[in-house]
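K.L.:
Residue strings, one per chain:
There are 2 protein chains.
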Amino acid sequence: MQKFTIGIDIGGTNTAFGIVNRQGTILYNHSIPTQRHEKVEDFITELCLEITAGLNTITEEFELIGIGIGAPNANYLNGTIENAANLRWKGKIELSKMVNKHFNVPIFVTNDANAAAIGEKIYGGAKNMNDFIVITLGTGLGSGIVSHGKLLYGHDGFAGELGHTIVEANGRACGCGRYGCLETYVSATGLVRSVAEQISQNIAPSIFRDIPFNKITSKDLAIAAANGDEIAKNALKKTGRILGEAIANMIAITSPEAIFLFGGLTKAGKILLDEVTYHMDKNILFIYKNKVKLLLSQLPDDAAILGASALVWTEFE
Amino acid sequence: MQKFTIGIDIGGTNTAFGIVNRQGTILYNHSIPTQRHEKVEDFITELCLEITAGLNTITEEFELIGIGIGAPNANYLNGTIENAANLRWKGKIELSKMVNKHFNVPIFVTNDANAAAIGEKIYGGAKNMNDFIVITLGTGLGSGIVSHGKLLYGHDGFAGELGHTIVEANGRACGCGRYGCLETYVSATGLVRSVAEQISQNIAPSIFRDIPFNKITSKDLAIAAANGDEIAKNALKKTGRILGEAIANMIAITSPEAIFLFGGLTKAGKILLDEVTYHMDKNILFIYKNKVKLLLSQLPDDAAILGASALVWTEFE
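Those protein sequences? They're chains A and B, same order as listed.
Be aware that the first sequence starts at 2, since it is given in my numbering, and climbs by one per residue.
Be aware that the second sequence starts at 2, since it is given in my numbering, and climbs by one per residue.
Incorrect hints may appear among the rest.
Put simply, identical chains are the same to the list, so a pair is met inside one copy or across any two.
[Unchecked claim] Below, computed lysine-lysine pairings styled on DSS-like, alpha-carbon distance capped at 27 Å: (1) 290 to 91; (2) 216 to 151; (3) 292 to 102; (4) 40 to 216; (5) 151 to 220; (6) 128 to 102; (7) 292 to 151; (8) 91 to 283; (9) 93 to 290; (10) 294 to 93; (11) 40 to 271; (12) 294 to 283; (13) 216 to 292; (14) 216 to 128; (15) 93 to 283; (16) 40 to 292; (17) 268 to 238; (18) 151 to 294; (19) 93 to 292; (20) 292 to 91; (21) 98 to 292; (22) 151 to 128; (23) 294 to 102; (24) 283 to 40; (25) 40 to 238; (26) 151 to 290.
In case anyone wonders, no lab produced these hints; they're calculated from the structure.
So here's chain A without its partners, still in its complex pose (with noise of 0.2 Å):
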């Protein structure tokens, strides 16, 4: 009887899942509005009717050994998401228990950035790894730790904030309400301030003086960098330095075989990619030097949901 798991992507506009074989295959995905239900409760019942849809088209035999979900602010620990800044349930969503109720098979949540970092083990380019970090850079920075094979969770859940870790005393203000934070810097946000700065002390001419910030994309930037537009170069290396720096700073802390990039910001090319690989060499401490790899995550577009059901795998392996 084939063995199936169900990961739940919950993000702030849409939450997608799917039904996902041990291969990573997914078998049936769908998704619905986050945010349409005054109750969490009646987000959770839509989403598990929508689930049991979804089992419904499956026409062999198989068992479903778990659902994992990955959520915002989710703590692994006690299955909960708690005070989510981008939903619009406030306090402490007892995700786990709620969804039990629709199903009676083991339940794992945790945050973005952890599924990633066991979907990439499960499913990526982490398959042989025992220690191993996953940055995620989207509209934020998120990391997920792996050491002797597990997730390091901290005391209560919450480890892996590297986004969180201040890089410049003083530096630019972060939605936590502190300044300076690495995700200010390296992230889809991070690199569009990036532009803004470069045009507050750049004559250059540049593309990027006629698009309003919010519609400025990774993508474009790496474009306009690769035409020889010098804002967005600037912008780019600025961001690759930084990155660099706390992935030599993140190797002496643990060591990892290999780091892998995923998400958004990694669209920006060669110019960026190229950038964080100098300044990761340049600021390594000896003894790591030409010991730790730095890949491109292996998940494929599909990761969110992957790495959630990755999450039920990896407890029962």
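Dock chain B against chain A, hints included.
P.N.:
Quick look at chain B alone, frame taken from chain A:
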């Protein structure tokens, strides 16, 4: 029958060892000079003869269950010392294999900071903790990170080099060949460098204008600061601020239950520790606020021997 372990602490000057029971009582201890012999094999032979002599003084029946060794640049995974700057024997020393020729028991090797962390767990203040960090503040700065109850060794056995994270780009020159490493600011040596910096910048009177830098101790500075010496106070405050900031970042990465401070620099007293606490609290991400304890090590003075011996107990428990 009583079970004993042996803890060995290999230092640049002396090598101390002790016969230790599960409660952390040292039944016999002795030390020999580390660097008397040109060949490392001869040093090991002398050490093992002394250990045998020690074991012969025990009159009750006992079982020696293993030997733990703390040493600079020691590698747990390989049982080796690799390129230790302050030992006369260069390259890779097969420590574990050499000691095994004399004692047919399991041998475990790790660096001083990791040994301190395991010592804290077995005999000290971390007995009931599974996620914590010990920061050793001596001539340099070391760290031992315990996650899920186990030391975080990383892929190559050399994780935990918090002292070699770069906290100031183009900062103070470090013995590792780079600039701005945490230990160039936060260590007994770093503190004295901050005294020199103060003397270069500040015109306040100070007794430290009349003491050679190499003679200034952390304790001297604590006493002078308590008596109002501005140079001493500012140097201690800078050290405390940078350590507090580094701890806040380490919390975001590993989310420990507690941080233990260990070693000579903790003798620098209240001004330093208050400053560490203040800047840790000021820089901590809100989700960790009031969750993480900052504690002084509860290991006694023989901590290095105890930490090494604790390595053995932890392997069997």
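K.L.:
Out of the numbered hints, which ones does the structure contradict?
P.N.:
2, 3, 4, 5, 6, 11, 13, 14, 16, 23, 24, 25
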